[in-house]
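Participant: Sequential numbering of the sequence shown, starting at 7, is according to this note's numbering.
Derived by calculation from the structure, the hints in this document are not laboratory data.
Heads up, the beta-carbon is just placed ideally off N, CA and C, and yes, glycines get one too.
So the derived label-pair ranges between C-beta atoms look like this:
#1 74 - 139: 50 to 58 Å
#2 60 - 127: 33 to 41 Å
#3 96 - 129: 34 to 42 Å
#4 97 - 135: 35 to 43 Å
#5 97 - 126: 32 to 40 Å
#6 34 - 124: 14 to 22 Å
#7 37 - 61: 29 to 37 Å
#8 95 - 42: 23 to 31 Å
#9 54 - 135: 39 to 47 Å
#10 53 - 82: 19 to 27 Å
Dumping the calculated DMTMM-like pairs for lysine to aspartate or glutamate here, alpha-carbon to alpha-carbon at most 20 Å:
#11 66 - 78
#12 66 - 82
#13 69 - 83
#14 69 - 104
#15 69 - 97
#16 66 - 83
#17 66 - 95
#18 69 - 93
#19 69 - 79
#20 66 - 93
#21 66 - 91
#22 69 - 57
#23 38 - 126
#24 90 - 57
#25 90 - 70
#26 69 - 82
#27 90 - 78
#28 69 - 91
#29 66 - 104
#30 66 - 79
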Amino acid sequence: MEYPVRMGADNACSTEAEVEVFDDFLPIMARKLGEEGLMEELCNGFRLLADPQTGTITLKSLKENVRLLGLEEMNDDQLQAMIKEGDFDRDGCLNQQEFCILMLRLSPSLMVEAQQWLEDALAEELECFMEEAY
Numbered sequence: 007m008e009y010p011v012r013m014g015a016d017n018a019c020s021t022e023a024e025v026e027v028f029d030d031f032l033p034i035m036a037r038k039l040g041e042e043g044l045m046e047e048l049c050n051g052f053r054l055l056a057d058p059q060t061g062t063i064t065l066k067s068l069k070e071n072v073r074l075l076g077l078e079e080m081n082d083d084q085l086q087a088m089i090k091e092g093d094f095d096r097d098g099c100l101n102q103q104e105f106c107i108l109m110l111r112l113s114p115s116l117m118v119e120a121q122q123w124l125e126d127a128l129a130e131e132l133e134c135f136m137e138e139a140y
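Take the sequences, apply the hints, and build the full model.
Facilitator: Okay, here's the thing in structure tokens:
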């Protein structure tokens, strides 16, 4: 499955040409690795991209690793927009939690599967609760 990602400096698209389309491999990884395995792989990806001195993904560390991601054609504004998309605490970089959340958010089909996982887990908890109550 493919999904569009806005890559402008202000994260807004004025033309269709400004939308980059990426393949969404996270659902396949989730099915093959399971939830814990997927999170472990996301953490490995984070460590690969993170600046070893700060332990965060910075513009500098992202620029140094764009070849690994196949994103050599992206400019600084586009790379900064990627960081900004997931930078919840607004410190200008991504910590491990922000990176993992961003990766999951950018995978629409995985979000549908995550909703099902949540519903299944809640149903299981309710079933256990009901068994204990009786």
